[in-house]
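Student: Below are the chains, spelled out letter by letter.
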Amino acid sequence: MATTTLASNALTKDEILRYSRHLIMPEVGLDGQQKLKAARVLCIGTGGLGSPLALYLAAAGVGTLGLVDFDVVDFTNLQRQIIHSTSDVGRSKLESATEKVEAINPFVEVRGFETRLSSDNALDIIRDFDIVVDGTDNFPTRYLVNDACVLTGKPNVYGSIFRFEGQASVFGAKDGPCYRCLYPEPPPPGLVPSCAEGGVLGILPGLVGIIQATETIKLILGSGDPLIGRLLLVDALGMRFRELKLRKNPECPVCGVNPTVTELIDYQEFCGIRGEEVPVTTNVPEIQPEELKRRIDAGENIFVLDVREPHEYQICNLNGHLIPLGDLPKRMNELDSSREIVAHCRSGVRSGKAVDFLRQAGFRKVKNLAGGILAWADRVDPRMPKY
Amino acid sequence: MKIFIPTPLRQYAGKKDVVEVRAATVGEALAQLTSTHPDLKRHLYTEDGKLRAFVNVYLNDEDVRYLSDKENTRVKDSDHLSIIPSIAGGRDVRSVRPNLLCPITRWPNHPIRKAARNDGD
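Line by line, the protein sequences are chains A and B. Under the numbering used here, the residues of the first sequence are numbered 1 to 387, in order. Under the numbering used here, the residues of the second sequence are numbered 1001 to 1121, in order.
Hints may be right or wrong, so weigh each one.
Straight-line Cα separation of at most 25 Å, DSS-like style, residue types lysine-lysine; simulated pairs [said to hold, decoys possible]: (1) B:Lys1070 <-> A:Lys293; (2) A:Lys353 <-> A:Lys365; (3) A:Lys353 <-> A:Lys330; (4) B:Lys1041 <-> B:Lys1015; (5) B:Lys1070 <-> A:Lys248; (6) A:Lys293 <-> A:Lys154; (7) A:Lys248 <-> A:Lys100; (8) B:Lys1050 <-> A:Lys330; (9) B:Lys1041 <-> A:Lys353; (10) A:Lys245 <-> B:Lys1076; (11) A:Lys330 <-> A:Lys293; (12) B:Lys1041 <-> B:Lys1016; (13) B:Lys1002 <-> B:Lys1070; (14) A:Lys245 <-> B:Lys1002; (15) A:Lys245 <-> A:Lys154; (16) B:Lys1076 <-> B:Lys1050; (17) B:Lys1041 <-> B:Lys1070; (18) B:Lys1016 <-> B:Lys1002; (19) B:Lys1041 <-> A:Lys330; (20) B:Lys1041 <-> A:Lys386; (21) A:Lys248 <-> B:Lys1050; (22) B:Lys1016 <-> B:Lys1050; (23) A:Lys353 <-> B:Lys1015; (24) A:Lys218 <-> A:Lys293; (25) A:Lys293 <-> A:Lys248; (26) B:Lys1015 <-> A:Lys330.
Since the hints were made in silico from the structure, they are not lab data.
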């Protein structure tokens, strides 16, 4: 563990030149820059939020930057995860991010953790850092990060995004509220749509991640008015920033007066995600893409029902009849129950629900295209775009 | 008064971002909202009628839970209510590659894994 003596944080001539625009402003100055150099910040995740975070914290001269990621770069990441490049697809995110951080600022010491943060390793990983920045993308890890920060007394710089809306705050600061003060419990799985279902504006994690980076720098410098006890709401579409008051909940299970959570728990279970629910399975009759193709080619009279949204239909389609799942109950009259119907969506989940609904409504000859249009693209028509 | 609907819940509110209601209290305003948009009700309230723990309602910039009269707080036409659900960002855990989702490999304290450990794993 690095000791933070003033001598070890003295700036070299090269560093003084590099940070000169910081050094000439009184709010940072030499003292502030040395604080940055002494600081040890842990970024959980190098995805949408983690990309701008890691890049800016590195550029600003944060001395020790911890990066936690277990994932591999894929093509759908590139629209927002700007720390990774096209040539990094297939590589480990940690490796790719480390390389970019070192390229931006070789004075930064990167400590990489190629692992999924878990109840078993979180306290050990967090222990050697001063500030934790939460750039995760799922509820179990968010609660894990929050609880681990409260238990170890580290501030947790929070950011979260959905479509074109974001939230940011600083949790776990001394006397400040934590994430559980705001949300004691996570939503049950499936009730709140995810970004994978709902999409996310690529710029938004940039906007929110930079707010997190700004708060981190302010905490290190000890200057300004940090987002402690305030929840910043970002609406990129309306370009409005609003602010809500957050209070420390005396009954908070982790940071309250009589905490009931005194060690890390099983956050999968806490978030209602259990093995038997994964992956999502449907008990509706299915047809494989190859069989559908063969039967269409043979001239069979099959009615293809596409239950996705119109903007998805524009991306790619099987010339099916489009009725979005949500409209199905009121547009059922467009379907002929005597014909054989094959319903599909992107991956087969929504159309599974559609088939289930139609069968309950008395349709007998309706099947789900297994794996959706993605499986069709993989196994029948490689020219079909995937999204 | 205006009620701001957050993006994840707009699909249950006729895709609207703001719903106008006329009400005397916070409770009345929410009741009017859910009677106009019944699909929202399931997302805002538990089956026994309590506001869900992952949904916060703010009157202007104050959490309704911390107002002395809570849902009986009187409101003016110029006030606004905001519904603030928790959002995780990124992806739904369930959409992660299945091998990463296996609870046994991902969660070392999963009972099955614990049992395996006890068997000398």
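Student: Now tell me if each hint is right for this structure.
Tutor: So, going through the hints one by one against the coordinates:
For the proposed pair B:Lys1070 and A:Lys293, the alpha carbon gap of about 59 Å is over 25 Å, so the pair is violated. Simply put, A:Lys353 and A:Lys365 have alpha-carbon atoms about 15 Å apart, close enough for the 25 Å limit, and the pair holds. The suggested pairing of A:Lys353 with A:Lys330 holds, with an alpha-carbon distance near 15 Å, which does not exceed 25 Å. Straight-line distance between C-alpha atoms of B:Lys1041 and B:Lys1015 comes to about 15 Å, which keeps the hinted pair within the 25 Å bound.
With a C-alpha separation of about 17 Å, the suggested pair B:Lys1070 and A:Lys248 falls inside the 25 Å cut-off, and the hint holds. Between the alpha carbons of A:Lys293 and A:Lys154 the distance comes to roughly 57 Å, so the proposed pair goes past 25 Å and is violated. A C-alpha spacing of about 38 Å is found between A:Lys248 and A:Lys100, which places the hinted pair above 25 Å, so the restraint is violated. At roughly 30 Å between alpha-carbon atoms, B:Lys1050 and A:Lys330 are farther apart than 25 Å, so this suggested pair is violated.
Distance check on the hinted pair: B:Lys1041 and A:Lys353 sit about 21 Å apart at the alpha-carbon level, within 25 Å; holds. The suggested pairing of A:Lys245 with B:Lys1076 holds, with an alpha-carbon distance near 20 Å, which does not exceed 25 Å. In summary, the hint linking A:Lys330 to A:Lys293 is not supported, as the alpha carbons are separated by about 29 Å, beyond the 25 Å threshold. Under the criterion of a C-alpha separation no larger than 25 Å, the hint pairing B:Lys1041 with B:Lys1016 is consistent with the structure, at around 15 Å.
Between the alpha carbons of B:Lys1002 and B:Lys1070 the distance comes to roughly 18 Å, so the proposed pair stays at or under 25 Å and holds. As the CA atoms of A:Lys245 and B:Lys1002 are separated by approximately 19 Å, the hinted pair is consistent with the 25 Å bound. Using a Cα cut-off of 25 Å, the hinted pair A:Lys245 and A:Lys154 holds, with the two alpha carbons roughly 21 Å apart. Between B:Lys1076 and B:Lys1050, the direct Cα distance comes to roughly 24 Å. Compliance with the 25 Å bound is thereby established for this hinted pair.
A C-alpha spacing of about 19 Å is found between B:Lys1041 and B:Lys1070, which places the hinted pair at or below 25 Å, so the restraint holds. Between B:Lys1016 and B:Lys1002 the CA atoms are separated by roughly 12 Å; this keeps the pair inside 25 Å, and the hint holds. Between B:Lys1041 and A:Lys330, the direct Cα distance comes to roughly 20 Å. Compliance with the 25 Å bound is thereby established for this hinted pair. Pair hint B:Lys1041 plus A:Lys386 does not hold up; C-alpha atoms about 35 Å apart against a cutoff of 25 Å.
Simply put, A:Lys248 and B:Lys1050 have alpha-carbon atoms about 21 Å apart, close enough for the 25 Å limit, and the pair holds. Distance hint between B:Lys1016 and B:Lys1050 is fulfilled; the C-alpha atoms sit about 24 Å from each other, no more than 25 Å. The hinted pair formed by A:Lys353 and B:Lys1015 meets the criterion: a straight-line CA distance of about 21 Å does not exceed 25 Å. Our distance criterion of 25 Å between C-alpha atoms is broken by A:Lys218 and A:Lys293, whose separation comes to about 59 Å.
Pair hint A:Lys293 plus A:Lys248 does not hold up; C-alpha atoms about 59 Å apart against a cutoff of 25 Å. Pair hint B:Lys1015 plus A:Lys330 holds up; C-alpha atoms about 17 Å apart against a cutoff of 25 Å.
Going down the numbered hints, you'll see the structure goes against 1, 6, 7, 8, 11, 20, 24, 25, while the others check out.
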